[in-house]
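Number of protein chains: 2
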Amino acid sequence: MAVVSQGPCALLLGLLLCVLNPSISHAEKLLIIPVDGSHWLSMVGVIQQLQKRGHEMVVITPEASIHIKEASFYSLKKYPVPFQREDVETSFAELGFYAFENVPFLQRMAKMYEKAQKDSAVLLSGCSHLLHNKEFMASLVESDFDAVLTDPFLPCGSIVAQYLDLPAVNFLNALPCSLDLKATQCPSPLSYVPRALSSNSDHMTFLQRVKNVLIALLENFLCSMVYSPYAALASQVLQRDLTLQDLLSSASVWLMRKDFVKDYPMPIMPNMVFVGGINCLHTKPISQEFEAYVNASGEHGIVVFSLGSMVSEIPEKKAMEIADALGRIPQTVLWRYTGTPPSNLAKNTKLVKWLPQNDLLGHPKTRAFITHAGSHGVYEGICNGVPMVMMPLFGDQMDNAKRMESRGAGVTLNVLEMTSDDLANALKAVINDKSYKENIMRLSRLHKDRPIEPLDLAVFWVEFVMRHKGAPHLRPAAHDLTWYQYHSLDVIGFLLAIVLGVAFVAFKCCAYGCRKCFGKKGSVKKGHKSKAH
Amino acid sequence: MAVVSQGPCALLLGLLLCVLNPSISHAEKLLIIPVDGSHWLSMVGVIQQLQKRGHEMVVITPEASIHIKEASFYSLKKYPVPFQREDVETSFAELGFYAFENVPFLQRMAKMYEKAQKDSAVLLSGCSHLLHNKEFMASLVESDFDAVLTDPFLPCGSIVAQYLDLPAVNFLNALPCSLDLKATQCPSPLSYVPRALSSNSDHMTFLQRVKNVLIALLENFLCSMVYSPYAALASQVLQRDLTLQDLLSSASVWLMRKDFVKDYPMPIMPNMVFVGGINCLHTKPISQEFEAYVNASGEHGIVVFSLGSMVSEIPEKKAMEIADALGRIPQTVLWRYTGTPPSNLAKNTKLVKWLPQNDLLGHPKTRAFITHAGSHGVYEGICNGVPMVMMPLFGDQMDNAKRMESRGAGVTLNVLEMTSDDLANALKAVINDKSYKENIMRLSRLHKDRPIEPLDLAVFWVEFVMRHKGAPHLRPAAHDLTWYQYHSLDVIGFLLAIVLGVAFVAFKCCAYGCRKCFGKKGSVKKGHKSKAH
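These protein sequences, in sequence, are chains A and B.
For what it's worth, the numbering used here labels the leading residue of the first sequence as 60, then goes sequentially.
For what it's worth, the numbering used here labels the leading residue of the second sequence as 60, then goes sequentially.
Just chain A, with the same shape it has in the complex (with noise of 0.2 Å):
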């Protein structure tokens, strides 16, 4: 229903925006399919981005989300799930709540696993709900999109773009087991090129190397279990049989949130566009609350603390052990927590519910960043310049800690084993040993020089598929090879029997002829030989 009520109006506005600025040609509507959580985050600025452009966005999301939320620059249409928004909450708590949970590595692993398996059949049967629900399956039809947007860490939306034969543009961090890679046929050579998870750096020891190769031999059937059944689906609905190879590797562009500042440099391809750092493109001047704390804490400047949107609660022994390292240090900390505070909070620890990251990190008079190293945090301590010190606690925060500290840019800590001690210390390392700051420096300047802001680029493609409906043309022909053509075992097989056949044939040539020209004497031999039996 808000698309009926808002279409028009954004169509005028689109209109407007066409003859007010001649570089767009016409406006555009673009279906976008989001991801919930932290992923949503980095896709608002595009969609705001493209609007102003002039173009008609609708995004659709289930009932039962937290962060997709209404707003003044897209329509948002929602559909019915069989679990509820209390749901989503719990399952997201739950990821932070288990991370601090100090059980054998075994166990957490069978806990996660197990953790994985009831989110993503929640998840999935979110997916199949919308699929067959007809009303509004028929809406989007009728809406007549010119391509969609999606995040396929959920491929529901790549089935959505198939099933209205839409190109789709994903938008993306990485997918788990390399998916995204698989997908796009990119090549990514076990030697250098670290597996997620694997918080191995490009420069592998002869073991490390052997952990890679493992890991990527044992990703295939972590992911079957959550991927798989979308495949199924999309086949169910598609009424075609659909690997999930075919589902995902059907987006005309990857827009994928890297760069090789952060990432180690390896093999692309011609579809996956990096806009890395898209989060981080401007800051704002901080409000007055954060500019006083700023202003009050001296020559010193001040430290930031987050655990991201997903860590809403430490527990409580925890807690106190990080605040007691935080009273150690003459910096003022701005921590973002939500939590019960610790009895022993140091004066110079201010706990906020909630605070600018991105602009508090731009002030001049920030030293550091305690971050759990999602991949948004890194970005915005690259684009600003400021040393971290890292508590990876799930996901590929374990790989952006190692990327960052391979690099000299910051110091990572096992956010369990750790102690009071070691968080003092990596804090004084990362504020007084100049080497730390130099080199997130030399990081930032090596990151935002580039021929193209991310934004700009992003927009671009987007505007790309919807203008041409697709990128055929950037589609490797990769993807129509069998697995034992595309590494030319065939060929050489056949190159292989040619040469043992000329081989044989050779060798059979030459017994023969030597038979031919030495046999009479071996069988004359023969013949004395028995007669003198």
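Treat the hints as calculated values from the structure; they're not laboratory data.
A quick note: this is a predicted structure, and the numbers were derived from the prediction, not measured.
Any given hint might turn out to be false.
Treat identical chains as interchangeable: a pair holds within one or across any two.
Simulated crosslink set (DSS-like; lysine-lysine; CA at most 27 Å straight-line) [unchecked claim]:
#1 Lys507 - Lys88
#2 Lys170 - Lys193
#3 Lys111 - Lys507
#4 Lys493 - Lys528
#5 Lys528 - Lys507
#6 Lys461 - Lys137
#7 Lys528 - Lys496
#8 Lys177 - Lys136
Assemble chain B onto chain A, guided by the hints.
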């Protein structure tokens, strides 16, 4: 000497431009080591633009150069070489001459091989003379450059860059024998990335894939003759052991005149920047002389015909066949031809010594383009959306023609075998069959729809390398691995050994267990048996 006299002026101009243009932080000094011939033509635009942005350019070239001449926007320094300008002219002329020689395939190959051997020996001697010219090299050291821009087709520039310890930017179309892909560690699966000179597309039959693999096996051997001496020369001059791979891979950024409209999608590396179409950004209005030809052509319009700067003469018989075919179309043909005019030249065919190719192709009355399918010409055809009749002569021209033909944007003719009818029919086809025009217009739209112009991109990356003294963050760790490490062969061997070891131990244990369980029975039976005996 030119540098000394122009240096301060250029510096002053640079400073002035810096003040006027705040986007330039400070003027830098670039050493340019180009390759003569058509390679030089597309580099000129980049140099011109860099000079406009206030940088100081010094071009060094052998005294025997043909195309590289004095110009207002760079300083030229020439070094003596043991060959004459006439030798270079003869060598270029031979290329065109050989292309029209109707000799058996093997004989042609033998001739080309001999020519390549002769020419490369001459060029190598030029490079050796430069590197051993102490005075000249000392003047380069003193000039205190910030970076080197070079065409690695002759790796002399790469050696100079290493000698001066400067970061290098490579500017090229592609290197023979996929040396560019090897030097950048760029994966290029033989199953869908066609090898140079194979005339394959990205969709190959089984036998085409066999051909592709065979070419890949052969090319190492073929190129070593031409390129290995540069590694030996580099090792001698730099006084450390270097392979050709070391030499070429030292470049910070590779500016490649490619794009995915002309070229097939394939993996790329972070330091490969695609600037295809850099030579045909803007068309200028044509001169009165050519305007008169175009106006006189009436409703039928014109056909532009050029076989490039390297081919000046065509055997008389072939020229007459061509002239005959050209006379059979209603269009006016503008033919760039410096040889003796064929006696049967029709009235609609105008011979000119030179023509403003890109500007003419940009004219709305141009109906077709007869070209040798050099990369410059093909991009000009794409930029301006003019369908092509292609007569590839040598080098990458066959591959370029194949790419355009496979996209339905032109017709390829074998210049040796084609008859007058073939050419006339091909011309009529590309002019009258609308699909050719539609396809080239589609390619043109895709090619020109880009987030940033290739010239700006090239200038950005040259400046980036100068600003940051290289781009080590784009260099993949693959360079630090041996070939067996790169392919994880050591890891695979190790894991296989473990699996086989475990299987062996398990088998032995089972066998031992079996013997323990059934052993007594067996020996009892045996005992019985022996007793029975």
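How the hints compare with the structure:
1. Taking identical chains as interchangeable, the C-alpha atoms of lysine 507 and lysine 88 lie at most 27 Å apart only when they sit on different chains, with a minimum of 23 Å there against 31 Å within one chain.
2. In this assembly of identical chains, lysine 170 and lysine 193 lie within 27 Å of each other by CA distance neither inside one copy nor across copies; the values are 37 Å within and 71 Å between.
3. When the C-alpha separation of lysine 111 and lysine 507 is checked against a cutoff of 27 Å, the pair qualifies both within a copy, at 24 Å, and between copies, at 24 Å.
4. For the identical chains of this complex, lysine 493 and lysine 528 are inter-copy neighbours only, at 22 Å across copies versus 51 Å inside a copy, given an alpha-carbon limit of 27 Å.
5. Taking the shortest alpha-carbon separations for lysine 528 and lysine 507, only the inter-copy value of 16 Å comes in at or below 27 Å, while the best intra-copy value is 31 Å.
6. In this assembly of identical chains, lysine 461 and lysine 137 lie within 27 Å of each other by CA distance neither inside one copy nor across copies; the values are 39 Å within and 50 Å between.
7. In this assembly of identical chains, lysine 528 and lysine 496 lie within 27 Å of each other by CA distance solely across copies; the values are 20 Å between and 46 Å within a copy.
8. When the C-alpha separation of lysine 177 and lysine 136 is checked against a cutoff of 27 Å, the pair qualifies only within one copy, where the shortest distance is 26 Å, while the shortest distance between copies is 72 Å.
Checked against the numbered hints listed earlier, the structure breaks hints 2, 6; every other hint is satisfied.
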